[in-house]
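Asks: Chains as they are written, first to last, in numbering that gives the first Met the number 0: chain A, 0 to 643; chain B, 0 to 170; chain C, 0 to 119; chain D, 0 to 298.
No wet-lab data here; the hints were simulated from the structure. Heads up, a few of these hints could be off.
[As the list claims (entries may be wrong)] Incomplete in silico selection of chain C near chain D, CB under 7 angstroms: (1) 10; (2) 13; (3) 40.
Because the structure is a prediction, the values reported are computed rather than measured. Ideal Cβ positions, reconstructed from N, Cα and C, are used throughout, including at glycine.
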Amino acid sequence: MTLVGAREGAMSGIRRAVAAAMARDLPAFVLPGPSVARAMGLDLSGSHLRLVGTPRHANLLIVVGPLPPGLRDAAAVTYAQIPRPRAILALGAGDIAPLPDADVSAPLTQAGLHSGLADLRRVIAAGAFRADSGEFNAPALEVRVEYTCPMHPEIVRDAPGDCPKCGMTLVPRETASDGHGGHGGHDMPPEDRSNPADHAHAGHAEDAGGAGAYTCPMHPEVVSDAPGKCPKCGMFLVKAEEGESHGHGHGHGGHGHEHGSEAHGAHGHGDHGGHGKQQDHSGHDGHDGHAGHGGHSEAAIDGIEPHFMSMVEMTEGQPRSSDGLQMDWIEVPFGPFFPGLPAGLRLTLTLDGDTVAGSEVRSLVGRAELVDGPQMRVADFVERLAAMMPLSPVAYRTLACAAIEEAASVDPGHDARRGRAAAVERERIASHLNWLAEFGLQSGFLWLAARAGALQLAVQGADVAGIAAQAGAIRRLTRRVQAAPLMRMRLRRIARIGKDTPASGPVDRARGGGSDARTGDPTLKDLGFETRVRNGGDALARLRLRCDEIAQSLDVIAAAGRIAVPQVPDVDRVSGEGAARIETPRGAAQLRVKLTDGRVVEADLDTPSDVNIALVETVTAQQELGDALAAVASLDLSPWEVRG
Amino acid sequence: MTVQMIFLAFFGGAAVWFGVVVFRTHSMVRSALALLFSQTAIGAMFLVMQAEFLGVLQIMMMATEMSVMAIFMVMFMMDPGGMGKMDMTHQKRLSLWAGGIGLLAALLLVWLPDWGPVALSVPGAHEQAADLGRELLGRSMLIFQSAGLTILTAMVAATMVAIVPNAEQRK
Amino acid sequence: MSELSQYAILFGLSVGVFGFVLSLYGFARAIGRARAEPGKDVPATAGTLSRDPVWVRYHARYAGYALLFLAFDMEMAFMYPWAVVYREEGLIALLDMGVFLAILFLGLLYGWSQGALRRQ
Amino acid sequence: MSILVVLLSLAAGAYALAVIERWAVHGHLSLTGPAWAALALLGRESLLARKSDRLFFELGPVLLLVAGLMAVAVIPLAPGLIITDLATGALFLNAALAYVLVALIMAGWGPNGAYAMIAGWRFLGQFIAYAMLIVMPITAVAMRAESLSTVEIVASQEQLWNVLYQPMGFILFVVAAMGLAWLPPLDLPDATGELAGGVEAEYTGVRLAVLRLARMVIILALAGATVTFYLGGWLGPWLPPWAWSAIKILVVAAAMLSVGRYMPRIREARYLALSWKLGISLALANIFVVGVIALVVPI
């Protein structure tokens, strides 16, 4: 019995003691994330696991539920970054390729978790070391090495050497091998991704004089036929030849004001001023003893185009920050498994220092076509929709049932309606508590993370009596959260959203908007429901609104007196169209279905996260990193709801 | 005394060596921190020479100030990570002259003035700090206060040069 | 205990820490060496491989504070010896340092008014 | 001899803190947990990011440990029970802890990873926020004691602890100390939800073990400094002096470790602004008030 990800070495002596220690101390990283695990009813806090926020500090990967196809590469990357010995515990996951086989598999239940962990501890204690551990590799990890000049990013070679422009040593850079999405944000069409041979030409293609490609000074992989802005950093694209010819002109004319006596350097450039073959460059650089120095001053140095060595000119055209300084921007991926952000959401931030200069957000678990195949049985359709939305299955189940009933003109009856409304409200409580727990994790408010997580698990499957038993604790929690020290300071004025921006659900209601699919619903009106609204439009208002809604939902459930998750309606070979709209925890979702002969042939879904995900760019722009992440979290996006 | 001399030489050598590293490395952060440790070594030299207050102050202040310098270097220097292996030195002729003259001046300062007899007994560390305090409040009060004014001038100048005023920022 | 021997102890402790850490590393090495595998040595970024180097010119937004900090740090050189003789010198010390700190505080207020105390 | 005793109590204290931290962060109280965790950490691979500045990466944790130990060296646990009773002890404590900043910058810059680098520079910002609030309250303490020696400072509190004599300084110092030890809610450089581990993100195995140990030592040093400067050090009735020191230090450390559990992390911009606009004004006021009291009241 050994681990697949065992460490190399025979199991003996001290290693045995170390393995025993590892079996007792299990820092775990959860895929897709702790919030998804909780939504699936799994309590990870009570099993003497230590949940950690980075794979580096983990040695156990817990895969909860089936691994969506979009997350497989990311899972492989995560696993590859865990130091050995590393173990995988798969809970109801099925096939997890490209990850290696799970060391222990167990069903997705609390009992499964406990027995799985017990098994795993035994496996680790017995087999954390192995004489011949295999190597882990996956397509997402493959790389291609290319060499580029730190000053002239447009120079890209597939072999080491010196830069033809300034003679600096080219530095190696790794890129994801072609045809794979493993590299953060580089999802440009394949034809735009020049191969190394193309790159070798890039700087010199202008010899032809005409259709010079435009490229970004910072992101040489961005190549465009037309002028414009770089999609990554927003800088103006420069004509590939422009930098070079400009540099030569400068070198010819204004050069040597400091080292005039050594004019041969400038002269050498002048010789091939207008065109420039690669050989000329390298030949020239060969006799330049000073190649590569300077660079920190504006002083021109022989043999190097002063243009490129000047800080002022180097940064010309680069975007400026609010204080007018120009710095380098880096692109940093946050997610899909970032602690505190919704699991499955890949946020790529372009950072100017610690300030967000640009953002790109993408869901890796976006929903596929609702109707799988030409037609679907009604029961399958309902189950599929519910399974597609692991963060709010009951709401979408209710939505599917309501739309089908509408299409089939079936009336579920008064009691069923009340029960359903209460079921959706129960899920709202659980979902908002889950959000609070995530927010607690993100902001380091660990008491909140633990308490809200525990209450969510207690509520989400509970009946009316069970919820009534927890109501006091939940209300206390919501009061305490809002009164916590530093809370106002943390969230006030973060992620402000104006009245005109489209937004859905709590995000809209927290800025004084009134959109709520529950307004006017007679069943809910009976139960004493009133739309809750908060003003402010910032993250704090959203927190308060969610707390208000939790309290309101508790009242509604108490008034309803029963909770009934809808059963698949019994439709008998009817045809028709129907639409339904309900307020899911994240906002209004609308579903239109078309039935033919009692089978679903067409379905169309609008979800709140489709609307709210567009807000990410607005709320993160020019924010400090921590504020930007809090802002994204405050939107409570469900990547599963986003159209894939 | 000999042990003291050995340690003095050791820390002196370390200070010089770190000073050399400042220019031999490619990375701006390494360069800044090398300067930091060079200054720390000088602080240690003060300690070896039993100037405790001065030594500890040097060790403390240089750690913080050089770290602040590191961030400014990272902000304003190209390729701060030194990935391109750029040379730190430039304007070599001028620098050599300046360095040579500086060295000469330092040596003259060491050899020429009459430093008086060697102090064989050093006041205790507490006495040193207290004496310094008395000096500040007595004979050197004017120097002390003008130091305050100098710092004020530096603050005002730095703010004026480096900070975009509130009003302009809002535009 | 003479002062020099105290410094020697501190120096010895520092060297001792290096020895302690090296022995820990030796113990860890005895258990095994890290194995090179694809993707493992890339800095972790939450499930996405980000291979680009990040050593770029970093925009520190606290630059204004940093400038004022340098001035305040300088001032501490005077505060400590002053504090030690404060009670001995009495009122004159209070007034003297009062003036000094007032001057500094003026600088702080100036920086504040000009916007040095904000994110740049 | 006393050096050995102090080092052993330091080891015991660090272990106790590790137990408390696990309880505060992960919610389970286990007396043996940290021991197993430490052994397991030693057995895990210690990875090195490629394209890293290896020197910085290796040196960061060690320098952190050196800084922590140097700070501990001037904390008196009982009369005579101190590693080195420097005449400039309070200043030396400051100097040693300044290298925490250097170590974190090294650890952040070293691995060439985005999260770690941002975290390292963030800590420099945090340092700029807390630095003056460590230094200025200590000055006020030294004014009363007429000495920078930590032993003298404790002795000066014989009649009245500084926490009552200068409560404002106490509050400022404790908050600043938490910033120095990057404890929540001031844990900007290793914020899990913002930087996924930050400066610690690239450390694994034995290097992480050293880093964590160093952090524990620093927290102990700061708790010790708080006790020495404000809570009367070893002074107290009935119990022997070392017991008072141990109890006070552990209680202060436990409080510093667990208070962050109950509030969200502060925003960097607010932290800087509060420290400079409110904190420094209060610290200067504290010095002035202590100055007046020290001239009027002879204790």
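Asks: Holds or violated: residue 13 of chain C as interface residue toward chain D, Cβ cutoff 7 angstroms?
Replies: holds, 5 angstroms
Asks: With a cut-off of 7 angstroms, does the beta carbon of residue 40 of chain C approach a beta carbon of chain D closely enough for the hint to hold?
Replies: For residue 40 of chain C, the interface hint holds, since the closest Cβ of chain D sits about 4 angstroms away, which is under 7 angstroms.
Asks: Return the status of the interface hint for residue 10 of chain C: holds when the least beta-carbon distance to chain D is below 7 angstroms, violated otherwise.
Replies: violated, 10 angstroms
Hint compliance for this structure: hint 1 is the single one not met.
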